[in-house]
Amino acid sequence: MSTAVKTQAALISADARPASGAWAADARADAANRLAAMGLPTRRDEYWKWTRPDSLISASADSAVVLDYEGEEPLFNDVDRLKVVFVDGVFDADESDALEGEGLEIERLADAAAKDIHWAKDLYGVLEARGQSPVVRPLAVHNTAMATDGVVIRVTGAVSRPVSLIYRHEDAGSDAILHSVIRLEEGAKLTLLENGPAAARFSNVLEVDIAKGAEFHHVRAQGRDHERQAITHMFSQVDEEAVFKSFTMTVNGKLTRNECVIDIVGDNAVAHVAGAVLGDGAAGEFHHDDTVFVTHDAVACESRQVFKKVLKNGAKGVFQGKILVKPDAQKTDGYQKSQSLLLDDDASFQAKPELEIYADDVACSHGSTSGAIDEEALFYLRSRGVPTPIATDLLVLAFLADAIEEIEDEDIAAEVTERLDAWLARRRD
Amino acid sequence: MAGLDELNVKEGVEEETVEAVKSLAGTYKYGWETEIEMEYAPKGVNPDIVRLISEKNDEPEWMTEWRLEAFARWEKLDEPSWALLNYPEIDFQDQYYYARPKSMEEKPKSLDEVDPKLLATYEKLGIPLKEQMILAGVEGAEDMPAEGRKVAVDAVFDSVSVGTTFQAELKKAGVIFCSISEAIKEHPELVKKYLGSVVPVSDNYYATLNSAVFSDGSFVYIPPNTRCPMELSTYFRINAENTGQFERTLIIADKGSYVSYLEGCTAPQRDTAQLHAAVVEIIIEEDAEVKYSTVQNWFPGDEEGKGGIYNFVTKRADCRGDRSKVMWTQVETGSAVTWKYPSCILRGAESQGEFYSIAITNNYQQADTGTKMVHLGRDTKSRIVSKGISAGKAQNTYRGLVSMHPKAKNSRNYTQCDSLLIGDKCGAHTVPYIEVKNNSSRVEHEATTSKVDEEQMFYCRQRGMDEEEAVALIVNGFAKEVLQALPMEFAMEAQQLVAISLEGSVG
Amino acid sequence: MLKINNLHVKLEEEDKQILKGVDLEVPAGKVHAIMGPNGSGKSTLSYVLSGRDGYEVTAGDATLDGEELLDMEPEERAAAGLFLAFQYPVEIPGVGNMTFLRTAVNAQRKARGEEEMSAADFLKFIRAKAKDLKIDADMLKRPVNVGFSGGEKKRNEILQMAMLEPKMCILDETDSGLDVDAMKLVSEGVNALRDEGRAFLVITHYQRLLDHIKPDVVHIMAAGRIVKSGGPELALEVENNGYADILAEIDA
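From first to last, the protein sequence lines stand for chains P, X and R.
The working numbering puts the first sequence at residues 391 to 819.
The working numbering puts the second sequence at residues 331 to 837.
The working numbering puts the third sequence at residues 1297 to 1548.
In case anyone wonders, no lab produced these hints; they're calculated from the structure.
Note that the coordinates shown come from a computational prediction; the quantities given were computed from them, not determined experimentally.
Hints are not guaranteed to be accurate.
[As the list claims (entries may be wrong)] Derived lysine-lysine pairs resembling DSSO-like cross-links, with alpha carbons at most 27 Å apart: (1) R:Lys1420 with X:Lys810; (2) X:Lys621 with X:Lys523; (3) R:Lys1306 with P:Lys721; (4) P:Lys721 with X:Lys723.
[Said to hold, decoys possible] A partial selection of chain R residues facing chain X, derived with a Cβ cut-off under 7 Å: (5) Ser1346; (6) Gly1350; (7) Met1368; (8) Glu1371; (9) Ile1388; (10) Pro1389; (11) Val1391; (12) Ala1519.
[Claimed, not checked] Chain X residues, not near chain P, derived (Cβ > 12 Å throughout): (13) Asn376; (14) Ile379; (15) Tyr728; (16) Gln826.
From the three backbone atoms N, C-alpha and C, an ideal C-beta is built for every residue, glycine too.
Sequences and hints are given; from them, build the entire structure.
The structure is reproduced here in structure tokens:
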């Protein structure tokens, strides 16, 4: 694979960047310049206080074993959906459905980028660039400069079935950089599913522009490969009365950092972002970082952050969440919840739930807790005859329920719950 | 002391406390002030100034060396910029580091020339006219009969005189309470052992500067199994007459001892920003307990944001012994800029740290304040209650760290931090850091931000209170948990301060 | 005492007229009751008279002893002698009931140019009043209305009324959420305050409160206006036949 972050100098050189048509070449050149100016993250950066960027910026990806799934079907298999498959970061036309659907235009990024004129020009790297302040996210900039593929989707009406991005990992040393752009026009509605580990190392950027009254639902499952590393960024702009809802399930992965940057720019909009994590360090390192930044820049909007992490055997969880309420964003209702359940003494959790508020007529709050399993609840279950391991898993699932409830589609929520239950059951045996 | 008569009607107040408060009234003497009244050093800081300060304090060689080493380190440090504070760059060479009064020309010649709002403030605090003049820097006020001053300070708060007045009684109990400069000479073994042991010389930019140039401060030693027979207090005031800028406080509570320490601050400077960088170190041995209460009312700058104190303070308590306990309570209403994080190192098993804070910012004030609870020992407990109130164009930030280390088994933290906004031009921010490295510990953090409830306002006004009274009442209610943690005499003062600080914030 | 003349009120934020020409006069020493179905504008009237935000007076006026009420700030109306016993008294965490009352009493005294009440006098005063209303010391110490039962809240409203000694008392659905015993207690508190110099406006949905607080005049309010006035017998009529009959009679 071509695109490791080698040195900053290599980035600036136009040769290193994927061949593109005029608009994409400009966007990539701009990103390369921005990256050169801001530099790569270092361990000393406040924003990387608890997650080491080293292995994400090393010259090549650490190899990651390709797991066989013991017959377990990939998630969402039963959902009627438009499948878009990437294998180690490369689009697989044979495995994918035809790129067409009712109410939407969909195209490979590689194809869109090769054109000289494309609607994606107004979004590609644009929401990403806007999300660089007040905190820089150099790895997203790097992605904009170097992404080899992805999809661009424009939703104009009611879409008959979800779009499903499926990432497969077949090469132990793959280093994939994907970038997708989604535009929901006024009143449009889309459900986006993502699943699977894309590569040994995976950088993914999603830019999602949600126009007035449109709804975007996102459910992501970051597979159970325990050696892969992933850095994902989602940049979303949410306009008047629009809805943004995103849920991510993560079970294992040596290193995962999911950054979510949401800009609420229209009145009465809603933005929810949630995550459920089951981390077991028994099979190797596990480090999971949710970094969320929600900006309220409109009146009477609602935002929710609900993040739950269950950690054991040295697994590490990080939450950096922020709600920024700008001066005129009155009647903001912002809530942040970050909780961890530490199942043993080696697990650790670090959190920085931040509020920065410049408007007065607001109700913003956050709650963060960390602790062991509730002994009283456990005892209660045991006294009713439930064996400790099963009782523990019941409590773990109950703990994660808040986050899973953020999934709009009940069938998908049920499937996610089932999958988490199965994960727990496997570790019980 | 204003409101003293009201004490009798408050239920649940120990008669003892009331008596203690009454006895404190009327005892203020400017013990250490006159001594240094005339001392001047040129602007700027360099090894010569450090030596000069050391020399003026008649310090032994080891202390001079200690200061010089701190200065050498300070020169290598950069001023931190991570706090949510925005102020003009401080030229550290453009400051006076030793007792430098404001030039006499700038002083108002009479009360007529003094900003009437400033006078009104002192009047509200119950400070009589003479003291108002002194606080306002009216020329010649200090030459007026001593009687005027004596009465005056009763109204605010008194400190050093407690040390003086009760010296005999304290001595009988074995308690040492004196200025740090005196302690360096009289008790070098204690100072050598403990100074810089909680806040190391190179801890942070401001603490390092303080280590080099601190002019004075307080020293307390409570011997084993001794309950300090009275509350000890220091009243800091920055004005032309004394050096409040760089105090150093060292408190040692030996095994099984107890002390409650009060610190009050006011500053009358009116137009230029002034730097204040204090360090407080507390060492708490086995089964000992220290309560440290602060009412900080440094001059906050005027309504335009001109002047005021830049307050950079490092306060830390080291709970070294098992079952040791510390409680920080602060009411921060003053200063143009506050940078302050009183912290607890919970090293001993079953040690406890508590932090109760009210920070009020109005007009152009900025506060970035909070605490660090570092849990090192097993079964340690901490509790944080922070109430931030922001009005006018002010910015108010809670910044805190709760850290559960791997060996801090079965430890607990509870954090509640609430922000209240008054008006739509101010900001309230919360920046908590939570680090948990063992699973038998439990950390709970809750934070809320809201504005003053309109229903509550209407209810109060329907009962006849004007908007300012209603806001003050509601804010005092909002901050109740913290006010309750204060010793009674401070609580009364603090409640009044809340009202004063929020003046002009509504309507 | 209280004179309301052709009062028209709409909601500030939406174009909804609530009061459509209310005329009412309550003389000193009298108890007037306003009854009416839900949504008739009874509570709005009490809020507008006491100066709550969110309403816009589009026509008419209201005076208290000749003073124009509607131009005053809420606290000025309170100082002028207007008291509203709220239907839903608000909770104020952290503020002790006693502190609250003392602040209120002294604020009003100050506004009227009277001496503030000393702590000792206040204490004596409140203890006596509280005893009449069976309000114990604990309730006085607790934060204003926080954790109070429905009955306790209403008793607390009456206690405040007794302490503040207003001229014109408006009771907004004071009977809501009260059981028979509590209603009796509250009514006794109100009756004890009945006085030649003091007037009451009792707003209620049901007649039962008026068994305890006997009104001189009963008004029926509907669709933002007073549609019928009469003696206490009017309340009984409502009790027996409901509002429908009266409203139908007026429509006819």
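Taking the hints in turn, this is what the structure says about them:
Simply put, R:Lys1420 and X:Lys810 have alpha-carbon atoms about 25 Å apart, close enough for the 27 Å limit, and the pair holds. For the hint pairing X:Lys621 with X:Lys523, the CA-to-CA distance comes to about 22 Å; that is within 27 Å, so the pair holds. For the hint pairing R:Lys1306 with P:Lys721, the CA-to-CA distance comes to about 23 Å; that is within 27 Å, so the pair holds. In summary, the hint linking P:Lys721 to X:Lys723 is supported, as the alpha carbons are separated by about 19 Å, within the 27 Å threshold.
Hint status for R:Ser1346 relative to chain X: holds, with the closest Cβ pair at about 5 Å, below 7 Å. A least Cβ separation of about 9 Å between R:Gly1350 and chain X goes past the 7 Å threshold, and the interface hint is therefore violated. For R:Met1368, the interface hint is violated, since its Cβ never comes within 7 Å of a Cβ in chain X; the closest pair sits about 11 Å apart. For R:Glu1371, the shortest C-beta to C-beta distance to chain X is roughly 5 Å, which falls under 7 Å, so the interface hint holds.
A distance limit of 7 Å between C-beta atoms decides the matter here; for R:Ile1388 the minimum to chain X is near 5 Å, and the interface restraint holds. Proximity of R:Pro1389 to chain X holds as hinted, the smallest CB-CB distance being about 6 Å (cut-off 7 Å). Given the 7 Å rule on beta carbons, the hint for R:Val1391 holds: about 3 Å separates it from the nearest Cβ of chain X. With a cut of 7 Å, the hint placing R:Ala1519 at the interface with chain X is violated, because the nearest CB-to-CB distance is about 26 Å.
At roughly 31 Å, the least C-beta separation between X:Asn376 and chain P is larger than 12 Å, which holds for a residue marked as non-interface. For X:Ile379, the requirement that its beta carbon stay farther than 12 Å from each beta carbon of chain P is met, with the minimum near 33 Å. Listed as outside the interface, X:Tyr728 is inconsistent with that label: its C-beta sits roughly 9 Å from the nearest C-beta of chain P, within the 12 Å cut-off. Under the 12 Å C-beta cut-off, the non-interface status given to X:Gln826 relative to chain P holds; the minimum distance is some 25 Å.
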